[in-house]
Amino acid sequence: MKNPVPFIAGSLLASILLVGVMFYTDQDPAAPFWNQAKDFVGLAFILTGFWFCVSYGAAHLFAFLRKQAS
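For the sequence shown, the positions run 1 to 70 when my numbering is used.
In case anyone wonders, no lab produced these hints; they're calculated from the structure.
Quick caveat: nothing in here was measured; it's all calculated off a predicted structure.
Careful, some of the hints might be misleading.
Unchecked claim - Label pairs and their in silico Cβ distance ranges: (1) GLN68 / ALA44: 22 to 28 Å; (2) THR48 / LYS2: 26 to 32 Å; (3) ILE8 / PHE50: 16 to 22 Å; (4) CYS53 / LYS2: 19 to 25 Å; (5) PHE40 / SER11: 23 to 29 Å; (6) SER70 / VAL21: 35 to 41 Å; (7) ILE8 / LEU47: 17 to 23 Å; (8) SER15 / PHE40: 17 to 23 Å; (9) MET22 / PHE64: 18 to 24 Å; (10) GLN68 / ALA9: 35 to 41 Å.
Cβ coordinates follow ideal geometry from the N, Cα and C atoms, glycine included.
Just need the whole structure built from these sequences, with the hints factored in.
Have a look at this one:
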């Protein structure tokens with residue numbers, strides 16, 4: 001494997017999203033709203049992972065397009 005960075009980054013992003021989904025789906029409907037901190041933690045993990053996926057993909061797409069244009 002010449003460049004392990006995409007594999008490592010992809011694994012890290014997948015684990016961030018998985019942790020977020022695990023936290024977010026483990027909800028207790030009977031708990032009061034302010035007592036559901038793990039829902040917010042899960043949502044933060046999901047949004048962080050999604051943001052990293054989008055920014056990482058956009059960076060690679062722009063690098064590919066720049067290489068094709070030159």
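Results of checking the hints against the structure:
1. GLN68 / ALA44: 22 to 28 Å: 36 Å Cβ-Cβ, so the 22 to 28 Å window is violated.
2. THR48 / LYS2: 26 to 32 Å: This hint holds: roughly 28 Å between Cβ atoms.
3. ILE8 / PHE50: 16 to 22 Å: 18 Å, holds
4. CYS53 / LYS2: 19 to 25 Å: 23 Å Cβ-Cβ, so the 19 to 25 Å window holds.
5. PHE40 / SER11: 23 to 29 Å: 25 Å, holds
6. SER70 / VAL21: 35 to 41 Å: Check passed, 40 Å falls within 35 to 41 Å.
7. ILE8 / LEU47: 17 to 23 Å: Holds - the Cβ-Cβ distance for ILE8 and LEU47, about 21 Å, lies within 17 to 23 Å.
8. SER15 / PHE40: 17 to 23 Å: Given about 19 Å between the Cβ atoms, the range holds.
9. MET22 / PHE64: 18 to 24 Å: 33 Å Cβ-Cβ, so the 18 to 24 Å window is violated.
10. GLN68 / ALA9: 35 to 41 Å: 22 Å, violated
Comparing the model with each numbered hint stated earlier shows that hints 1, 9, 10 do not hold.
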